[in-house]
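Engineer: Spelled out, the chains give:
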Amino acid sequence: MRVPLERKVLNENDRIAATLRERFQKHGVFCLNLISSPGSGKTSLLERTLEGFDAGRRIAVLTGDIQTDNDARRLEHFGFPVRQITTGGACHLDARMVERALEGWPVEELEILFLENVGNLVCPTSYDLGEEARAVLLSVTEGEDKPLKYPATFHHADLMVLNKIDLLPYVPFQAEVAKENARRVQPGIEIVDVSCTTGEGLDRWRAWLDRHL
Amino acid sequence: MSIAAAVLESLRAEAASHGGGRVARAGLRIGELSGVEPESLRFCLETLVAGSDLDPLAFDFEICPWTRRCRACGAVFRVVEWNPACSACGSADTEAAGGDQMELTYLELEEP
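Just so you know, the sequences run in chain order C and S. Mapped onto the numbering used here, the consecutive letters of the first sequence carry residue numbers 1 to 213. Mapped onto the numbering used here, the consecutive letters of the second sequence carry residue numbers 1001 to 1112.
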């Protein structure tokens, strides 16, 4: 007997993500999912970001890694709530992990919730976490063709943060080619250039965040 | 692997809600922009199915192209070489139309 179906494979994840999104929207929480390869600078960007916020701001971070709570320890001394999600092998965050990690947290009072995904340009793409926006980081020590090699990730991103621009004089990376590649895959993508080391461009990144609050 | 596990979980739930017969075959629709490599998914599915209560189980893959819709002329076109411009009229004013599917499309159930 053949039974026709129209069922999304990740419908259980999508269902939980939808309840999270509804909760974030109801309370005006801007939730941002940060995705990149390992080592592109997600944690560094969050360090510079948290450092720049006044202590009274209501910001929180969930940071995902396969092992260790090193990232949470790097981020927690800025005084904002940080929780580590250790996936124990999974190469991405899923909505259930986020839901569990938020238990007992006053999510409703937040302005911004950052979700730092596991460093991986493939698997996180498929998992909706209930975020309002997605940012993908690309650093200038990678290849300009990453948007073409990983089109799904860039296609689903609202923002590309081009990081480590202080290193541009020392690497063959062609920033304009990388941006052109990102725009081919996602014509609507916004792009900001930053250096978490020198602080260059972080004002543009903060302005982007502010526009979403 | 977790996507393959989600496929099997969905498939068990659907089989149970359709009378509980054994699943002999399942159809999957995978878009080019889904972030899933069909051959890797097939490998993971076969690995999880082997020796389980679902063994033997065959999968049919339907691959969906990456498409965009032209806001100027309305054409839905396949994106080739990452080119987002309309293949019919050349307009750059286009929007996403498809390619991120990851769906279960049918089950073939044996009589319980």
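Fair warning: there could be bad hints in the mix.
Once the Cα atoms are required to be at most 20 Å apart in a straight line, the calculated EDC-like pairs of lysine to aspartate or glutamate come out as [claimed, not checked]:
| # | chain 1 | residue 1 | chain 2 | residue 2 |
| --- | --- | --- | --- | --- |
| 1 | C | Lys179 | S | Glu1062 |
| 2 | C | Lys149 | S | Glu1037 |
| 3 | C | Lys149 | C | Glu132 |
| 4 | C | Lys149 | S | Glu1009 |
| 5 | C | Lys26 | C | Glu76 |
| 6 | C | Lys8 | S | Glu1062 |
Pulled from the structure, derived: some chain S residues nowhere near chain C, Cβ distances all over 10 Å [what the hints assert, rightly or not]:
| # | residue |
| --- | --- |
| 7 | Trp1066 |
| 8 | Cys1089 |
| 9 | Ala1092 |
| 10 | Leu1107 |
No lab work stands behind these hints, which were simulated from the structure alone. Heads up, the beta-carbon is just placed ideally off N, CA and C, and yes, glycines get one too.
Engineer: Hint by hint, note whether the structure agrees.
Structural biologist: Right, here's what the structure says about each hint:
{"no.": "1", "hint": "C:Lys179 with S:Glu1062", "result": "violated, 32 Å"}
{"no.": "2", "hint": "C:Lys149 with S:Glu1037", "result": "holds, 12 Å"}
{"no.": "3", "hint": "C:Lys149 with C:Glu132", "result": "violated, 25 Å"}
{"no.": "4", "hint": "C:Lys149 with S:Glu1009", "result": "violated, 30 Å"}
{"no.": "5", "hint": "C:Lys26 with C:Glu76", "result": "violated, 27 Å"}
{"no.": "6", "hint": "C:Lys8 with S:Glu1062", "result": "holds, 14 Å"}
{"no.": "7", "hint": "Trp1066", "result": "violated, 7 Å"}
{"no.": "8", "hint": "Cys1089", "result": "holds, 16 Å"}
{"no.": "9", "hint": "Ala1092", "result": "violated, 7 Å"}
{"no.": "10", "hint": "Leu1107", "result": "violated, 5 Å"}
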